[in-house]
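Novice: The chain contents come next:
Number of protein chains: 2
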Amino acid sequence: MRAAGWAFAVARCYDAFEFMRIGVDIGGTKVAAGLVDATGAITNKVRVPMISSGTSAAGFGAVVDAIEAVFAAAPEARAAVTGIGLCAPGPLDPKRGVVINPPNVPCWRGFPLAAEVERVFGVPARLDNDANAAGLAEVLWGSGQGNASVFYATLGTGVGAGIIFDRKIYHGRTGGAAEGGHVTIDYRGPRCGCGKFGCIEALASGPAIARLAQTRLARGKASRIVELAGTLDNVRTEHVGQAFREGDRIAREVLDEIALLLTVWLGTIVDLLEPDCIVVGGGVAEMMSPYFEQISCTLPKWSINQRAAEIPIVMARYGADAGIAGAASLCE
Amino acid sequence: MRAAGWAFAVARCYDAFEFMRIGVDIGGTKVAAGLVDATGAITNKVRVPMISSGTSAAGFGAVVDAIEAVFAAAPEARAAVTGIGLCAPGPLDPKRGVVINPPNVPCWRGFPLAAEVERVFGVPARLDNDANAAGLAEVLWGSGQGNASVFYATLGTGVGAGIIFDRKIYHGRTGGAAEGGHVTIDYRGPRCGCGKFGCIEALASGPAIARLAQTRLARGKASRIVELAGTLDNVRTEHVGQAFREGDRIAREVLDEIALLLTVWLGTIVDLLEPDCIVVGGGVAEMMSPYFEQISCTLPKWSINQRAAEIPIVMARYGADAGIAGAASLCE
Numbered sequence: 001m002r003a004a005g006w007a008f009a010v011a012r013c014y015d016a017f018e019f020m021r022i023g024v025d026i027g028g029t030k031v032a033a034g035l036v037d038a039t040g041a042i043t044n045k046v047r048v049p050m051i052s053s054g055t056s057a058a059g060f061g062a063v064v065d066a067i068e069a070v071f072a073a074a075p076e077a078r079a080a081v082t083g084i085g086l087c088a089p090g091p092l093d094p095k096r097g098v099v100i101n102p103p104n105v106p107c108w109r110g111f112p113l114a115a116e117v118e119r120v121f122g123v124p125a126r127l128d129n130d131a132n133a134a135g136l137a138e139v140l141w142g143s144g145q146g147n148a149s150v151f152y153a154t155l156g157t158g159v160g161a162g163i164i165f166d167r168k169i170y171h172g173r174t175g176g177a178a179e180g181g182h183v184t185i186d187y188r189g190p191r192c193g194c195g196k197f198g199c200i201e202a203l204a205s206g207p208a209i210a211r212l213a214q215t216r217l218a219r220g221k222a223s224r225i226v227e228l229a230g231t232l233d234n235v236r237t238e239h240v241g242q243a244f245r246e247g248d249r250i251a252r253e254v255l256d257e258i259a260l261l262l263t264v265w266l267g268t269i270v271d272l273l274e275p276d277c278i279v280v281g282g283g284v285a286e287m288m289s290p291y292f293e294q295i296s297c298t299l300p301k302w303s304i305n306q307r308a309a310e311i312p313i314v315m316a317r318y319g320a321d322a323g324i325a326g327a328a329s330l331c332e
Numbered sequence: 333m334r335a336a337g338w339a340f341a342v343a344r345c346y347d348a349f350e351f352m353r354i355g356v357d358i359g360g361t362k363v364a365a366g367l368v369d370a371t372g373a374i375t376n377k378v379r380v381p382m383i384s385s386g387t388s389a390a391g392f393g394a395v396v397d398a399i400e401a402v403f404a405a406a407p408e409a410r411a412a413v414t415g416i417g418l419c420a421p422g423p424l425d426p427k428r429g430v431v432i433n434p435p436n437v438p439c440w441r442g443f444p445l446a447a448e449v450e451r452v453f454g455v456p457a458r459l460d461n462d463a464n465a466a467g468l469a470e471v472l473w474g475s476g477q478g479n480a481s482v483f484y485a486t487l488g489t490g491v492g493a494g495i496i497f498d499r500k501i502y503h504g505r506t507g508g509a510a511e512g513g514h515v516t517i518d519y520r521g522p523r524c525g526c527g528k529f530g531c532i533e534a535l536a537s538g539p540a541i542a543r544l545a546q547t548r549l550a551r552g553k554a555s556r557i558v559e560l561a562g563t564l565d566n567v568r569t570e571h572v573g574q575a576f577r578e579g580d581r582i583a584r585e586v587l588d589e590i591a592l593l594l595t596v597w598l599g600t601i602v603d604l605l606e607p608d609c610i611v612v613g614g615g616v617a618e619m620m621s622p623y624f625e626q627i628s629c630t631l632p633k634w635s636i637n638q639r640a641a642e643i644p645i646v647m648a649r650y651g652a653d654a655g656i657a658g659a660a661s662l663c664e
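Residue numbers (our numbering), protein chains in the order written: chain V, 1 to 332; chain R, 333 to 664.
Accuracy of the hints is not assured; some may be wrong.
To be verified - Distance ranges between label pairs, derived from CB positions:
1) R:S621 - V:R96: 50 to 56 angstroms
2) R:C629 - V:K95: 23 to 29 angstroms
3) R:R520 - V:A148: 42 to 48 angstroms
Stated by the list, open to error - Not the full set, but computed from the structure, chain R residues with beta-carbon under 10 angstroms of chain V:
4) A480
5) C526
6) L560
7) V596
For the record, the hints were derived by calculation from the structure and aren't laboratory data. Positions of the beta carbon are idealized from the N, C-alpha and C atoms, including for glycine.
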């Protein structure tokens, strides 16, 4: 029994190193990285400031620093890591591993990020959009496991999305597919940051929820939201969420409205893609999770698909670590 | 030279028979069928009335009659045909070849159509949704040739769609994907026949165009549309199209509005799918074809994709024969 147990432990250890990858999540202000094993578990997380102004070399230096910091925290990983995955927001070319025109990292226009990481660390590197990558991690290791086609969305300050078909990221013609946050459900509605009108991001993102609450509260009704925020101008999404949990009526009305908008949006997604599963992450998704069952039940009203209610809508496994897990999931 | 020419002719003839299929397009009132060769050319077209009430056997009899009529017109095809493709509207299970719940053929609920055709004719049979099938035919033989991923839409009395990825029909979880006509772009807008609000089918199908013209004309302005239609109540899509071609101002205003709605809709399609090519067919598409260039140029305003204008928007190769070609394209 002892010998068998030991062999099992060795095998597990071997497997863990066999599939060990580093995931690197590059944002406008920080680079987060960590070691990710074959089960998607993340260890040795680090975080360094991103240098997004100045030269591309300075920005790249921050990425190198983050990866080196993971190796420093887990020296045994240096020989074991078989791949480095990277994810970033904004337009990029996943096939060539090139950052095209990142809105928050202007110094990286056309920067061959994956090739540079491969050159420095001597292991294969892959790059993709952060929401695409997070979606793949959910399918491989998270709440979308066991499904071939998954629509993933992260609802927060913005609304990002990833489409996974046959357990692979669907990129479209030039890598621009899966911009699920910019599905227009109300073309006569408010303008989105992207320039379009009535995108779900303009209607149901964190800032949109705060704006909707402010509009309702401007009518002067008493609400816990204003108590929490101090002033009307100071109302943020979190105040609406907290007031909702405390039973505030206006907060409930606002989130009822957001639930309807999300249902309309998911109805369109289901009618176009009919995924096996819908996985949602991000702060707004957590806030809206008490509505998931209701959204599911109401979906057939906003879909031509009579089986729309059968499609599971589930919270993502990964929260703040979605980028690290997603980046690591890119390595085959 | 003569011998070589003869050999070439034999080879061509052999190829043509090698890939010869029958395509069967089943509607609520008629069954159309024809012989389709390896280039997608259709010959020996026939049309028989569909028997959509009564027993499933009566409806199936109409399908058998249509196929037999093709064989009667082209007796050499009986030994040469390698497959029979079938397409029909409404919910069906393409994997099992079963009609689930066709709105226009109630007697066929749960009818194993493909298996029955295989049993009677002794060749493999395939079944799919008519718009899916028509989209595949456009990719294999029509205006979408050379593209891996294509969004196909047929704009007419209704708006049907097909999504082709990697030169295959994308079905989704249960065959319910690609309901592109029921993408909601105006959730506060008019109700669609499907029960949802503001679907593109409710806004830009043939009947919607006629309704929009009637609304504009109700203000009492003189228009060629009313001259053509006789009375306001009698206005149909064709009258709007004819008046537009004759330079009528109200007709142009109506089609300007429809062009905007189609642009918003295609913006969402591009942001989700970023296809290599958009192929459109049907009477409304023909009527709107003078607007294709404008829609293409305006697409970046209604898409987050900076390259949206590069995606070709082209008229389908197949018109009224889209169903026959589509059905035949299902046979591998």
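Novice: Against the structure shown, which of the earlier numbered hints fail to hold, in ascending order?
Specialist: 1, 3, 6
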